[in-house]
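Undergrad: As a plain string of letters, each chain reads:
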Amino acid sequence: MDTIWTLIKLQFRAGARIAREKSPARTALKWLIIIAVASVLMGGLIAVYYMLSNQFTIIEGGVDLLNEFLTFTLAAFMAIQTLFLIPLLIKVLDINNDRELLLKLPLSSRQIFISKLLVAYSFELLFTLVILGPLLIAYGAVASMAWWFFVFAIPLFIIFVPVFPFFLTILLLFPIIKLVQFLKQRTVITILVYLGALVGGIILYMQVVQGMVHAIAYDGFADTLQNNAGQIQNISRYLFPAQLFAFMVSGGAGSFFGWFAVVIAASAILLTGAFYIANLKYKKFYMEEHGTMSGFSAKGKYNGLNSSTAVLGKDSRNIFRSSNYTFQFLLIVAITPLLIFFSNRVANYAAFHSLAEYGQASMAGDMGFEITLLISIVLIPLASAFAASNISREGHNIYHTKLIPVSFRKQLFIKAGIVFVPIFATTLVGVLLSMITHRNIGGGSMYIAGLQGTDVLVLLVITTFMAIGYICLGTYIDLRKPLCNQIGTGELTKATGHANFIILLGTIIGLGFGAVALLAAFDINIVDISRQGFRIFLLIFSIVFGGTFAALLFVDGPKRYYRLEQ
Amino acid sequence: MLKVKNLFKVYKNAKYISARNVSFEVKEGEIFGFLGVNGAGKSTTIKCITGIIPFTAGKIEVCGHDIKEEPFDAKRSFGFVPDNHAVYDKLTGSEYISYIASIYKVPVEEYQKRFDTLVEKFNLKNAINNQIMSYSHGMKQKISIIGALIHEPKLWILDEPMVGLDPQSILDVKNYMKEYAESGNSVIFSSHNLDTVEKLCDRALIIHGGTVIALIDLKEYQKKGISLEDEFMRLTKEASKEIDKVRADLLKQEEELAKKMGKRKAGKAMQKKIREEVFAQMEMN
Chain P
1 MDTIWTLIKL QFRAGARIAR EKSPARTALK WLIIIAVASV LMGGLIAVYY
51 MLSNQFTIIE GGVDLLNEFL TFTLAAFMAI QTLFLIPLLI KVLDINNDRE
101 LLLKLPLSSR QIFISKLLVA YSFELLFTLV ILGPLLIAYG AVASMAWWFF
151 VFAIPLFIIF VPVFPFFLTI LLLFPIIKLV QFLKQRTVIT ILVYLGALVG
201 GIILYMQVVQ GMVHAIAYDG FADTLQNNAG QIQNISRYLF PAQLFAFMVS
251 GGAGSFFGWF AVVIAASAIL LTGAFYIANL KYKKFYMEEH GTMSGFSAKG
301 KYNGLNSSTA VLGKDSRNIF RSSNYTFQFL LIVAITPLLI FFSNRVANYA
351 AFHSLAEYGQ ASMAGDMGFE ITLLISIVLI PLASAFAASN ISREGHNIYH
401 TKLIPVSFRK QLFIKAGIVF VPIFATTLVG VLLSMITHRN IGGGSMYIAG
451 LQGTDVLVLL VITTFMAIGY ICLGTYIDLR KPLCNQIGTG ELTKATGHAN
501 FIILLGTIIG LGFGAVALLA AFDINIVDIS RQGFRIFLLI FSIVFGGTFA
551 ALLFVDGPKR YYRLEQ
Chain U
567 MLKVKNLFKV YKNAKYISAR NVSFEVKEGE IFGFLGVNGA GKSTTIKCIT
617 GIIPFTAGKI EVCGHDIKEE PFDAKRSFGF VPDNHAVYDK LTGSEYISYI
667 ASIYKVPVEE YQKRFDTLVE KFNLKNAINN QIMSYSHGMK QKISIIGALI
717 HEPKLWILDE PMVGLDPQSI LDVKNYMKEY AESGNSVIFS SHNLDTVEKL
767 CDRALIIHGG TVIALIDLKE YQKKGISLED EFMRLTKEAS KEIDKVRADL
817 LKQEEELAKK MGKRKAGKAM QKKIREEVFA QMEMN
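These protein sequences, in sequence, are chains P and U. FYI, our numbering numbers position 116 of the first sequence as 116, with every residue one higher than the one before it. Here our numbering runs 566 ahead of the position in the second sequence, where the first position is 1.
The reader is advised that the hints may include incorrect statements.
Unchecked claim - Quick list of in silico lysine-lysine cross-link-like pairs, DSSO-like style, CA-CA up to 27 Å:
hint, chain 1, residue 1, chain 2, residue 2
1, U, Lys581, P, Lys481
2, P, Lys559, U, Lys671
3, P, Lys30, P, Lys9
4, P, Lys559, U, Lys687
5, U, Lys679, P, Lys559
6, U, Lys744, U, Lys679
7, P, Lys301, U, Lys671
8, U, Lys706, P, Lys299
9, P, Lys299, U, Lys838
10, U, Lys803, P, Lys299
11, P, Lys559, U, Lys571
12, U, Lys581, U, Lys720
13, P, Lys481, U, Lys839
14, P, Lys481, U, Lys679
15, P, Lys559, U, Lys834
16, P, Lys559, U, Lys789
17, U, Lys744, P, Lys559
18, U, Lys720, P, Lys481
19, U, Lys706, P, Lys559
20, U, Lys706, U, Lys679
21, U, Lys720, P, Lys301
22, P, Lys559, U, Lys839
23, U, Lys829, P, Lys299
24, U, Lys671, P, Lys299
25, U, Lys625, P, Lys410
26, U, Lys807, P, Lys410
27, P, Lys481, U, Lys838
28, P, Lys30, U, Lys829
Hints in this document: simulated from the structure, not taken from any laboratory. Model, not experiment: these values are computed from the prediction.
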């Protein structure tokens, strides 16, 4: 038991990089930022949840759907938790790169395995505490639950809700590990599967949003719920075991504690089963099948390319032959046009409905520019953040970049260009899509203009320069302090923290941009500048932003590159 | 072929000088050994020569090209094999060689012949089109060697080249070094293996604590029957006494300064002092 406990502590320490900053002040600042960002996000989530749960409360002459709402909440949470748990467990068990190290030590595979599973379960508990805890408190407030719900039910939910996703994940894990191992050699297929699932999810999500807009526009959300109460109750009956948890709190304290005995017994069986099943398979996997590194074959043809094309080819292969890098990089690139397209469609739809119903278009109808700008400006730093590992990604090969007779400036330009081109292309597609989607509506005094050619041009200039700014800044900060001794492609972006900085900066700037654009669109002029004036301001800001960081990278960057002692 | 004159290297935040007044020349057709214990400054000097790290002071010329003034011409003149076997492991062996050949502008009509010869010589024919990530330690070293030679440089620089190679491969590399030098090129390599250096090299330089303590003509040694191993042990032992004394003095000075101005400021003051010492020595040169 002591050995397992030591292993658990070791894994937590290995994972808790953030705790090992140079100074206590820096550690405190980092935690402060994390807590602040998490609090804002959680605050937003709870507010949305609170408003949503209010829609399910009983209305006059209607049906109380709060219990069903709790069922849906728990079912959604369990589904999300399972989705998060699968990669987490794969990482903890398989990809953590510590298997060979641990196997050298006098430890049994069972001890290693149990410690790893307990670490994963601890993460799951933490996730449940942070996400589900506040939501349950909000639910309790809306449903006017008694004291025992807050004192007993919520803590017990937090401990036992993760059991089922954990069991399900263990069952799914080994077929998935086998599949991932099979696909590892076929990076393109892996990426397509990942992206396909993601894009499918977004399309589904946006269709739901549009459906909700439709429901709200025509009937009001609460009315729509009441009209479909029978169907909702019917669906919730099949959402086991979420339905069981919701049912437990619907019958008062006595019923709750009675049912909980059943849940505890069932959880004990599930957890024992999970450990037993996984231990059997894991032992074989751990002891017999580890340590095989396979690659593929391809003949490198020599065409006497110029140095720029050769470096471009090498850098592109390095990115696109790593499913991890490609996924990180292409994730946002793939979803940007989709989000722009659907947001404009929803806004256009709302405007059309408003025009037909009330004889005037809603404000959303005239906001194609602002919607497109807001989405692209928030997503661009997420995609550009990949550039913040441009130098660290070289790893131990960084000597190569200094050894070859190709100027650092040219190499930096190629590295920045590889990130920029797909972002530019995806933004262009997104903007053009929004122009096609966000059509002119109505006529005469009730005419709402869609996106015009000048809007598209301004959007493109703003997004292009912002992307240039983030990419150059990301590359520059990575150049100042690259992390070249990292093992494993998945850890790099997390380990340097440079990407997180770009994402944080981009989120702040993006939300600021969006707020300014939307305020201007709603004619809420804090300062006396017209909507056109704001556009010019944003245009100048982006050009200065992009220009400044491009100059910093390409003027100071090569000097710093030369001074790197790696 | 290679001229290193009064080379000084002080790493950022370092407490010691990593290369102190290092000077030597490598002649055409020569195999030159670079000897020293761990941390002696061999890899630092080699990294300075190849332009991988900047140096604090001094002058390095490769085939008549100053590495600072004409870095590209200098870099085109040599091929380098590092000690860490780092190669782009997402590429296949042939893609890697093709990439290096493009960078060094190898003529298309000559490429295939050179490629086939080297791949055959280093016995990588069966694996050359496989991804490098599937290579063993030794195979990575071999692909790195082929990459260093594909543009037929005048100077071949290797840092600990025999580490990780099997006996047959070690023999292949040694034979190729001889062959390469015989055709008028030069080879410089660092090693811990005194026997290899003794048998293979024309001359060898012993570096200790960043300072050159001996430049040995191995042919002369052989004639006089002097053992390189004995000589190496004697020289490094002698040098260690002095270096340990200098380092102990520096440590003492830093501790005294730390008492007065704090650890951080003392560290900075010592770094400044070291740099001043480098420039003072440069003045004397």
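Undergrad: Hey, lysine 559 of chain P versus lysine 687 of chain U, does the alpha-carbon distance stay inside 27 Å?
TA: Cα-Cα ~40 Å, so violated.
Undergrad: Do the alpha carbons of lysine 559 of chain P and lysine 839 of chain U lie within 27 Å of each other, as the hint requires?
TA: Cα-Cα ~25 Å, so holds.
Undergrad: Straight-line Cα separation of lysine 559 of chain P and lysine 571 of chain U no greater than 27 Å?
TA: Holds, at roughly 24 Å.
Undergrad: Given the hint that lysine 720 of chain U pairs with lysine 481 of chain P, does the C-alpha gap stay at or below 27 Å?
TA: violated, 35 Å
Undergrad: Under the criterion that the straight-line Cα-Cα distance not exceed 27 Å, is the pair lysine 301 of chain P, lysine 671 of chain U satisfied?
TA: Measuring from Cα to Cα gives roughly 14 Å; hence the hint holds.
Undergrad: Starting from lysine 706 of chain U, check that the Cα of lysine 299 of chain P is at most 27 Å away, please.
TA: Cα-Cα ~17 Å, so holds.
Undergrad: Tell me if the straight-line CA distance from lysine 625 of chain U to lysine 410 of chain P falls inside 27 Å.
TA: Holds, at roughly 26 Å.
Undergrad: Holds or violated: lysine 807 of chain U with lysine 410 of chain P, Cα cutoff 27 Å?
TA: Cα-Cα ~48 Å, so violated.
Undergrad: Is lysine 679 of chain U close enough to lysine 559 of chain P, meaning Cα to Cα at most 27 Å?
TA: violated, 39 Å
Undergrad: Given the hinted pair lysine 720 of chain U and lysine 301 of chain P, is their Cα-Cα distance within 27 Å?
TA: holds, 25 Å
Undergrad: Given the proposed pairing of lysine 559 of chain P with lysine 789 of chain U, does the C-alpha separation stay at or below 27 Å?
TA: violated, 50 Å
Undergrad: Are lysine 481 of chain P and lysine 839 of chain U close enough, with their CA atoms no more than 27 Å apart?
TA: Since the Cα atoms of lysine 481 of chain P and lysine 839 of chain U sit roughly 25 Å apart, the hinted pair holds (cutoff 27 Å).
When held up to the earlier numbered hints, the structure conflicts with 4, 5, 9, 10, 12, 14, 16, 17, 18, 19, 23, 26 and fits the remainder.
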